[in-house]
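Protein chains: 4
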Amino acid sequence: MLTQTSNQLNSFIFSTPEMSQVFSTQAQLRAMARFEWALTCALEKCGLAAGGSGNLLKSLLQAEFIEIESLVSEGKLSGNIAIPFVRQLTAVVKSQNEPAARSIHLGATSQDVLDTALVLQIRDALTLLNRGIDNLTDVVARQVKKHAGTLLAGRTWLQIGPPTTLGLKLAGTLTALRRTGSRLQQSASRLLVLQFGGAVGTRSALGKHGPQVAAELAQLLELRDPEMPWHTERDNLAEVVQVLSLLTGSLAKFARDIVLLMQSEVAEVSEGGNADRGGSSTMPHKHNPVACAAVIAIHFTMPGLAGTMLSAMPQEHERAVGLWQAEWETIPEAFRRTAAALGYALDIAEHLQVDAAKMQANLDATLGLPMAEAVSVALTRTIGKSKSHDLLRLATDRVLRERRPLAEVLGLMPEVTAHLSAAEIDQLLDPRNYLGSVDQFIGQVLEEDNAYS
Amino acid sequence: MLTQTSNQLNSFIFSTPEMSQVFSTQAQLRAMARFEWALTCALEKCGLAAGGSGNLLKSLLQAEFIEIESLVSEGKLSGNIAIPFVRQLTAVVKSQNEPAARSIHLGATSQDVLDTALVLQIRDALTLLNRGIDNLTDVVARQVKKHAGTLLAGRTWLQIGPPTTLGLKLAGTLTALRRTGSRLQQSASRLLVLQFGGAVGTRSALGKHGPQVAAELAQLLELRDPEMPWHTERDNLAEVVQVLSLLTGSLAKFARDIVLLMQSEVAEVSEGGNADRGGSSTMPHKHNPVACAAVIAIHFTMPGLAGTMLSAMPQEHERAVGLWQAEWETIPEAFRRTAAALGYALDIAEHLQVDAAKMQANLDATLGLPMAEAVSVALTRTIGKSKSHDLLRLATDRVLRERRPLAEVLGLMPEVTAHLSAAEIDQLLDPRNYLGSVDQFIGQVLEEDNAYS
Amino acid sequence: MLTQTSNQLNSFIFSTPEMSQVFSTQAQLRAMARFEWALTCALEKCGLAAGGSGNLLKSLLQAEFIEIESLVSEGKLSGNIAIPFVRQLTAVVKSQNEPAARSIHLGATSQDVLDTALVLQIRDALTLLNRGIDNLTDVVARQVKKHAGTLLAGRTWLQIGPPTTLGLKLAGTLTALRRTGSRLQQSASRLLVLQFGGAVGTRSALGKHGPQVAAELAQLLELRDPEMPWHTERDNLAEVVQVLSLLTGSLAKFARDIVLLMQSEVAEVSEGGNADRGGSSTMPHKHNPVACAAVIAIHFTMPGLAGTMLSAMPQEHERAVGLWQAEWETIPEAFRRTAAALGYALDIAEHLQVDAAKMQANLDATLGLPMAEAVSVALTRTIGKSKSHDLLRLATDRVLRERRPLAEVLGLMPEVTAHLSAAEIDQLLDPRNYLGSVDQFIGQVLEEDNAYS
Amino acid sequence: MLTQTSNQLNSFIFSTPEMSQVFSTQAQLRAMARFEWALTCALEKCGLAAGGSGNLLKSLLQAEFIEIESLVSEGKLSGNIAIPFVRQLTAVVKSQNEPAARSIHLGATSQDVLDTALVLQIRDALTLLNRGIDNLTDVVARQVKKHAGTLLAGRTWLQIGPPTTLGLKLAGTLTALRRTGSRLQQSASRLLVLQFGGAVGTRSALGKHGPQVAAELAQLLELRDPEMPWHTERDNLAEVVQVLSLLTGSLAKFARDIVLLMQSEVAEVSEGGNADRGGSSTMPHKHNPVACAAVIAIHFTMPGLAGTMLSAMPQEHERAVGLWQAEWETIPEAFRRTAAALGYALDIAEHLQVDAAKMQANLDATLGLPMAEAVSVALTRTIGKSKSHDLLRLATDRVLRERRPLAEVLGLMPEVTAHLSAAEIDQLLDPRNYLGSVDQFIGQVLEEDNAYS
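Protein chains in written order, with the working numbering: chain A, 718 to 1170; chain B, 718 to 1170; chain C, 718 to 1170; chain D, 718 to 1170.
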């Protein structure tokens, strides 16, 4: 019986079908078969494999011949599944064409096929993620534009402060997404390379043919042939998991803000989309932020995955004892979770329900207090900072004591009305007039195209 | 299509079939059905459910009626699978006995059934682990006894020092296993309790019947009814994952020592058992420590799981947004991996091949240098620490320079032979005479029964 | 110049003066001097040290003779500061009494003095923490009692649900504090033991005197003499850091709830104490949760410290290369931060400002929707669950549509009024009548004395 | 009394004096003063500050006027030290020139000065680190060249395999260092930007002057003015800590290999430099890898720091409650430790003692077994893989059984000698002839200049 480490009742939160596909049992077997096919082709081209070997291997790229149960049971004894994989592959090839079987895996070691297959899977995974980031970027950009002027309270320390706009909030997410898009590209340019070193990374079994075989192999797999094998230098793999964690971190910041804005007492936005989403049969007023919860849940598992990759870096000599294996479930897990988080974030961003009236109402409920700064700045120009500050403190204390709007209170203070008319006070206290550089920021963010790439 | 987050090619390292069973989809469904059955029985006893309801639910304990695909797709919308689970359960009960359907899940909330089901699964998991710890403790104790006097070099900073015995090394593992056995018991006594609070933890839907329903429910599930619900106080769950990590940490210390002793240049022990284990077809002299590698790999993933549990503790109010969900795959993963590590450790301990001659040879190869301390201590008694120290430094420098054994060199030094005869020197340099309290330690460790419990 | 790794501008958040004292340079030196004093006394008692040696060492317990700069620079070369410490100690003793100098550190290794000194410091640290937990427990218990009936909204998914009381919320914290109090005691009973093994843990330099010397040494230090040395079995040290993290986790849950309740839009509680606390000169309405922020900040650094302790467990053979040293700043840091978190939590709990009127107002603002469950439960008894559920859904939809209170809407529905009078409806919708087992829970929590110990 | 969170007895391992300087109390105060000076200059240029204000602030750049004790005690109340800092600065300016005091900090919020000051400190820190990486790269490149042909055993699973060279091992470190050098540059290009947003990130207090003030401010600080403030988008800060962890990870891989090669039983290299380094007075044969231990110790604390940065990313709205503060000690700590690790690595690389004879002897001790692959490859060409494999297995079994060299055993096997002469066998078994692409790899690595940048 095969050991399952997944439970469908929970895993639905932590992956997408597409990304699960990329890191499925079958996909890994196909990637391994692809490595062996390309190696055989390269060997054939260099005269180290019988003619036609490559073609025969090509017919086995789907790896359907593999008997998984025996693969796993032998893998448990040998420490990895590459050895039984090559054995099964060799057997099936031999049954069709003995000479072709002789050169299978020649010059390679288990880690070569496992690491390169992983790189091929990661390339597919990055394609999915980049598409996801692009989609999310588009949707968020659209929302930024749409809500560039949608006024809501700025909040620091979870206390209401001067106003900002929903567009600017979302623009922050946009900048983070773009930065991490660049990070992923930079990471990929280091990571998407061949691993091919033979037993200890010297390609010794190939003698003088090493460079040519490697070059052909790399070309067939459309990977770069790096200056030397990297079997126990794992920084590239650790890096990509770090970058995925940065991505989920930015998505979690986005999701957490939505959660806070969805609170019953705030109620400025809600997750849209499916009407059944987040509903409660007994409490119809509730709109549970279920997609946001998934994003946050995912992010809280990512530092652990990223930390495992870092802790596993000091791999011994030419092959590690344990630290390599520690990566095996960690890397796919990181990709699956990131893909799921991106999917949830896209869903949230696309269907976000915005209640601009409630945003305004929440601002109004502050009696103008967060706008005190605006009046203070204006008065400073005529009566100086110190006096202005004292006046405002008197005014705001009275607002709090009497629960009357700041405009009203200021209108009753002769020291204020001596310098500011009622109309001027109203204008100063209008949040719409206190948005500073918001338009400029949003313009810059939306103009930004590929500044980071 | 259901989302899979596991790949059989890697997961075989990270679980055992038995523990995978405990946390399988079916096992979780059965645990949830068990909660609902027990709740219905409790309600029936208190007159809140129709007569016979409990019996009807009893016939559904295998949860085979659940349609998993729709459960998962609805779960994705509602944020957890408890809501569709109750819906499906209610439907099937209703089809058989309408009145019995009325009281299903009465007084409970989604988190009640999910958390209590988890506790039931953890109880099964702890039974497996405790058995594993007991087995391992027995095997290690046997090896401690067997190798109580098997001499090998003590090593500090990975440099050979004075001798110790293999029995004492393994006795260290034994003490750690026992301590963590106690920790698990202490953790279980806190953790194996009912979660049953209703919507916000007040059991309000049950009115005055709350205490009685809870008491019956707890009794049927053989769990303690705690002084209050603990829905967002997650210390007990975080604790058990910490303890599992302590266990894998001690196992990894054990495995790492074996790996180091298995190095080609040391070659004092090797993993035994299956002849094919760790073998290399092209390099038959190699004995790869594959089981040790698995233990180490597992441990390096545990701090991440433990860290997620800690980070997820500050759960908001009466139900968290995301932090609860972050636990869902983390806890089963921690149990699966710990079980696997225990299995590997048992295998290693049981079949450990010990080469006592090589241990002696490695000690001999040091030319007696690590025994210099013994002579130094002896000389100190007659000529003082300072002089003794100077003499030994001269002697050991000469040993290193001339590659002659320390005994020989000391025999040539009149300042030494004035105080120590050749026989005395030989006796002092015999590692067997420099084992201090080893026997006493081993005796104490083996006598120790349940001192920590 | 000595290397400082602390910046006073930030560190004030992350420690208390008392705990900093426990892990200060001077305190560590004193703990090391204490070990050497006790060892010398033990040796003297066993005839292995000159008469009067112990007394001489006693006069040096303050370790004021140590020249720290040279200690550190030599420590850098030798890998730890025990070697130069013993050298300096020996020199100062020798200058006063040559024979007494001969036996200093006899039978011990660097790790013995460093580990045992650490254990002594941890004992002091635990005394501080236990006092802190006791104080906090007292204060929280008082608040639980005081606010046993202070009604506020229960909140799940950060959405308002049925009511609970502030007392019950705080009772959850109380249970967590008590559990972790027990954990600390259990951890201490394992951890507060002597480390004394000599070069490789065999006490070989003491020959047959090992047991007696160790017993005397342990007694003088008031530590247990464990069944064998534990130099590379670090589970006890890792455990205590885990437990500290569980403590900060529970405090962070408490603090996060306060932060959420302090939000401008919720405003049900605030941090009290000093009037200047959390104030903003320009925005006097703001009450920033500065103490809560500190608790949360601290907790978010703890999983990293706990993870380091776990990762550092697989220590090689009889002394590790690097993993031991990884603990050195980690353990004190964990204690300092936990102490600081406890201090902040005490401050918050002691001075918590509660606005019960605002709590009631927030409940009222829900138009009675969270109470729909109560009516549904009542109607179920007469018209069945299905019909009751449908009626309530109609009613609550209308409440949301027309923004009229649920009581009013229900009063207009003949299918409802056929079964429930207006008075009954009012009674059902009164949150005060829907508190289920709150009183019982609080009673049980407050009665609870030492159930877990 | 100020709270210290550092103990000089341990901190010497975890920092360098230079990096401690960059993140010292004084350096942070100076960076904050620098921000306020530049802001005042920018305001003055835009007509928002009195003439001469900038000059006055310039005279205060050393921040020596700050009373640290009151700064810290007020900081504890207000949640950060920016508020009292501005208060003290304003007071001292006011005492000299009242009008200049009016515009201090105008348009800025606490987080602006703290974040931008941090960026300035990080810029200095990166300068130190880049210099360190350059130095280390140079030294390692020199060793790669020197030991390009220094033969030693390749080791996989800590078992001896076919040979490699010390130069190639070190070349791996070189590639990792270069990749992380590029990562640091890419990170810096994102991170070294101004943070200046005012209360909620809108620069509202500056009205239409925002863009100009920000542009001037950025120019004076030689930072880029980003498209919008980034106060709660912390990906850039989290990224740099990830990259530092990748760096220490690669250094720890390097250090761990040295430690393993320094083992008594291997003894192929040792840490050089100071003769007292790693010595043991009682065991002069020991060469403890103290610098390697420090590198490893440091790396094992880095995943925790990196994880804290990731966990702290979901910062609420326009200023976080706790998650921001969680960064405060984490970032400096990461830089200090990385600098220390770099320093140790440089020391190790520079003074590495290489014992090429011992390397050869260790290879010889394998009786030629790791070279079996070479013979197998050669025979495969004539008799096919399967037969060749069988012959080699017979031969190597006999080598192990009889402890005779492989060359001798092969010479006795007619099936072998029929195809290979004694000279050919000797040539095949000469490790020097089985180095595959080592020269090519080293050549490529040394040629590589800035391929990744």
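Just so you know, these hints were derived from the structure itself, not from any lab.
One should not assume that every hint holds.
When chains are identical, the list treats them as one kind, so a pair holds in a single copy or across two.
Calculated cross-link-like contacts (lysine to any residue; reagent style SDA-like; alpha-carbon spacing at most 20 Å) [said to hold, decoys possible]:
{"#": "1", "residue 1": "Lys1075", "residue 2": "Glu982"}
{"#": "2", "residue 1": "Lys862", "residue 2": "Ser741"}
{"#": "3", "residue 1": "Lys1003", "residue 2": "Arg1115"}
{"#": "4", "residue 1": "Lys1003", "residue 2": "Leu1146"}
{"#": "5", "residue 1": "Lys1003", "residue 2": "Glu982"}
These figures come from a predicted structure and were not determined experimentally.
Hints versus structure:
no.: 1; hint: Lys1075 - Glu982; in the structure: both (10 Å within a copy, 12 Å between copies)
no.: 2; hint: Lys862 - Ser741; in the structure: neither (39 Å within a copy, 43 Å between copies)
no.: 3; hint: Lys1003 - Arg1115; in the structure: between (36 Å within a copy, 14 Å between copies)
no.: 4; hint: Lys1003 - Leu1146; in the structure: between (34 Å within a copy, 18 Å between copies)
no.: 5; hint: Lys1003 - Glu982; in the structure: both (12 Å within a copy, 17 Å between copies)
Hint violations for this structure: number 2 only, all remaining hints satisfied.
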